[in-house]
Amino acid sequence: MKKTILGELEELVLLVVAASTEDVYGVPVMDELQRLTGRNFTISAIHTTLYRLEEKGFLSSSLGGATTERGGRRKRLFAVTASGGRVLLEIQQMRQQLWQAIPERKFQLLGI
Amino acid sequence: MSKQPNPTESSDAVGSPNQVEPPRWADRLLTWFVAPHLLEYVQGDLHEAFHRQVPQVGLVRAQRAYVRSVLSCLTPFFYRRRPNEYPSPTNLAMLTNYLKIAWRTLRKQQGFTIINIFGLAVGLACCMLIMLYVLDELSFDRYNAKADRIYRVQSDIKFGGNDMHFAAAPDPLGPTLKKDYPQVEQFVRLHQRGTWLVKRAGETTNLREANITFADSTLFDVFTLPFVSGDPKRALAEPNSVVISESAAKRHFGNQNPIGQPMVFENTKIFKVSGVMRDMPQNSHFHSDFFLSMRNDDYPWGQWLSINHHTYILLKPGQAGAPTDPAVFAKNFDTILKKYVGPQAMQVLGTSMEQFQKAGNQVKFWLLPLTDIHLHSKQQVELAPNGDIQYVYIFSAVALFILLIACINFMNLATARSANRAKEVGVRKVMGSERQQLIGQFMTESVLTTLLAMILACGMVVLALPSFNTIAGKQMSIVQLVSPYYLPLLIALPIVVGLLAGSYPAFFLSSFQPIKVLKGGTAFRNINRSFKSADLRSGLVVFQFMMSVVLIVGTIIVYRQITYIQTKNVGFKRDQLLTVNGVYSLGKQAETFKQEVMRLPGVVSGSISGFLPTPSNRNDMAFFAEGESSRNKGVNMQTWGVDYDYIKTLAMQLVQGRDFSRAFGADSSGIILNEAAVKVLGFKDPIGKRVWRFDDPQGKTQKTYTIIGIVKNFHFESLRRNIGALSLVLDANSGAASFRLSSTNLPTLMKEVEARWKQLAPDQPFSYQFMDDSFDEMYRAEQRVGTIALTFAALAILIACLGLFGLAAFMAEQRTKEIGVRKVLGASVGSIIGLLSKDFLKLVLISIVIASPIAWYAMGQWLEDFAYKIDIEWWMFLLAGLLAVGIALLTVSFQSVKAALMNPVKSLRSE
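Residue numbers (our numbering), protein chains in the order written: chain A, 1 to 112; chain B, 1001 to 1911.
In short, the hints are calculated from the structure, not lab data.
None of these values were measured; they are calculated from a predicted model.
The beta carbon of each residue, even a glycine, is placed where N, CA and C say it ideally should be.
Any given hint could be a false lead.
Stated by the list, open to error - Rough simulated footprint, nothing fancy, chain B against chain A, three-plus residues with beta-carbon under 8 Å: (1) 5 to 19; (2) 38 to 44; (3) 64 to 71; (4) 91 to 104.
What the hints assert, rightly or not - Some residues of chain B that are not near chain A, with every Cβ distance over 12 Å (derived): (5) P1022; (6) A1049; (7) F1050; (8) R1052; (9) R1068; (10) S1069; (11) V1070; (12) P1076; (13) K1338; (14) Y1393; (15) K1429; (16) G1432; (17) T1614; (18) R1815; (19) G1826; (20) L1882.
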């Protein structure tokens, strides 16, 4: 159970990778996150998160092709694994439960 | 899962080069620290992001962003290496393996090993000895449990053009401080009375005892002086009581219990032993075997204007255990000056404190922490000669130098041998050794060498300690080597030195790329050159010799200064001058003794006087020129009571006027001044002028003298000081008798003199000195520095030469074939020696050039301490340089001659 604990950034990165239609690597993940959250992420943060998720078994990686932009360097492409998908579902369910538990009038009381 | 790279993508990658590049250095940095297995992807992503940014924000900002992202990668995640797939053997197993291999390597190359171990051992031994010395110097007075709260009151006095700094204070100051200020927990005053005659009551024979000291009963509250028997609280409270040391008890009472026994001092004063204390520790700034109760000191008490008592105060602990701030406390001295000193000055001098100060005079009291006394105090009338922090620094630096030179040898030889070991490294790496393991192996080797050296060094220290003690004037024992202060240092030293000396070779050797070194021949020479190891070696050799040359120059200058001091004309003749101490114990028979001795053959003249021109505790007295109305314009002068034959016996020179003479009845009010005194008094034509002084402490009566002669300035203090004002008056004061001798048969003569003494005073100890001996005594410190400098300079050069020797041997070995070919082609032995020596000589010459200004500056600083000193001359550097070159040449030539004489058939046969 412990392994399934995800940090906020980890969860976001995992979601971004899951949401993309094909395998992705560091830069696109960073771009997507920036677009969605409006926050600035450093590439090092993205990399650490990606590799940590891989260590936890939520992502798998493979070597990808190189482009000119990269000076001929290869990419490490990431894809969501089955356990990665499962942990995302678990999180979603847990959140769902919590959402449902919120009394309706709460938000009204708060004036939202 | 994995996707094959798109073929078009990758071909595109190799195809077109980029126009814009991220900052080169940032890229390099990244390559350097990011773990290899991550590098490609991380760098790729960074570059991609960079290239995408350039059109958006411009090159400069993109570059800046790139640097930022590189720096943000400086986290453990990026530089952590992936653990090895194949686990290495356990550390312990590896360590035994390292040790085994290290031992074999050491044995295989015995020559180098011996040079290394011996050089390091000498370095370590020097370091250990000096560490002992330095720790001992730093430990002074720290045996006192309350050391951090004890302060000595010092007095700085400016009066009559004399600037005086006393280690003592007026006698009422201590009690007043205790009475007026609650911060003062306790005070104690010491009054040293020099050497006295001491015996048990009822005995007839006296012993001469040095350092008889009067002390307040509070002595044992302030200083930690443990008692063997007796009660420290009451020991000195009773009048006429004395506390003696254990060894003094042994001398006077043997195995008997001395408590309650009366003792006789100076044949007249009887004190009862009230306590026996342990002998005072060696590392104390004062020593005494007899502490007499202060109340019985026949001293005119309550004098604020005479400074005679060494006063120590114990400040109360302030907030949070910290002692009361002495700087803050010292402000109270202004109040003391106004309240107590001022009124008495008014009474004696007839002027108020303000007027006194306005005339340029000054009285100032200040506090010196007890633990600073030994190394930092340079006051007059110290209780005993102090050490000097300067010498602690100098010696520490020298120890460090020597150790550094030894370490450099180690590194140098290891680097030089790298050619031979490169193949080993290559093979090991090919066989799967990792760099860390290789580093471990080389480190083990160097630590092992250092440990062996350390064992040897310990042996050297044990052997050298007695002579080192003699040179340094200390009594350190081998037991101190295992004291809790020293032991950790002793253990840490070889490990630190081993790691330090081994680090460069270890990292250098383990960095070899197997492919390059195993290809052999030219390839290796290329990597050797690329590492600039030759340059580094040269640099290290230059550094070693630079330090050696500095030490040689230092030694030359110290020795010149000592010779200068010893041969300087001090204004009187100090050879063939015998002084007999304690003549006052003969009482009225002193004059008889003088006459008797003078009748002996070989004695030219004799004199009895209060003082001799060797440093001792004396009092200055204020003199006033006749007609001088202001009592602020006094001139402080030493006044020595002498007899009619004093100037003649000491062979001093009169510049003007005449000597004391029996032919003139009025000479009892005559005075002879030295040139310095005339200068301060400001007399143009001094003969016949009058001076006067107060005849009593209250300043009620005056005594007037007529100047009858001027004696040429003579040195009566250390040459560190300028000659002060001095006056001679006729007086029956009889501290010592001095005799000018012409005899060469001193042993017989001395026996005769002693026989005369024993005749007149069978119970008084006979003690004598020759003036040149007491003169040398003054400069013991300098002589010590000289001997230590010489020893260590010699050792430093020895170690440096050991290194050079090894290096030359190696070079000769490397070039054996070259030499063989040269010889076959007809090169002369001389030319080959030149070939091999030239490189080293160049290095030594460079080191001389670098060392000279350093030595010049450092020695200039040392000489600053002397009022009378030699000039630093060019030939000193030349001599040092020639010495260094000569020694280096001798060292190298041994190897080059050997190489040059070798039969080329031997070296070339294998080709």
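How the hints compare with the structure:
1. 5 to 19: violated (count 0)
2. 38 to 44: holds (count 3)
3. 64 to 71: holds (count 8)
4. 91 to 104: violated (count 0)
5. P1022: violated, 9 Å
6. A1049: violated, 5 Å
7. F1050: Non-interface label on F1050 of chain B violated, nearest chain A Cβ at 8 Å vs cutoff 12 Å.
8. R1052: At about 7 Å from chain A, R1052 of chain B fails to clear the 12 Å cut-off, so the statement is violated.
9. R1068: Nearest chain A Cβ is 7 Å from R1068 of chain B, so the label is violated.
10. S1069: Label violated. Min Cβ-Cβ 5 Å, cutoff 12 Å.
11. V1070: The claim breaks: V1070 of chain B does not keep its Cβ more than 12 Å from every Cβ of chain A (closest is about 9 Å).
12. P1076: Since the minimum Cβ distance to chain A is about 10 Å, P1076 of chain B lies within 12 Å and the statement is violated.
13. K1338: It holds; K1338 of chain B is separated from chain A by about 70 Å at its closest Cβ, greater than 12 Å.
14. Y1393: holds, 48 Å
15. K1429: Answer for K1429 of chain B: holds, closest chain A Cβ roughly 27 Å.
16. G1432: Holds, since 27 Å exceeds 12 Å.
17. T1614: Per Cβ check, T1614 of chain B is outside 12 Å of chain A; nearest 77 Å; holds.
18. R1815: holds, 47 Å
19. G1826: holds, 59 Å
20. L1882: holds, 61 Å
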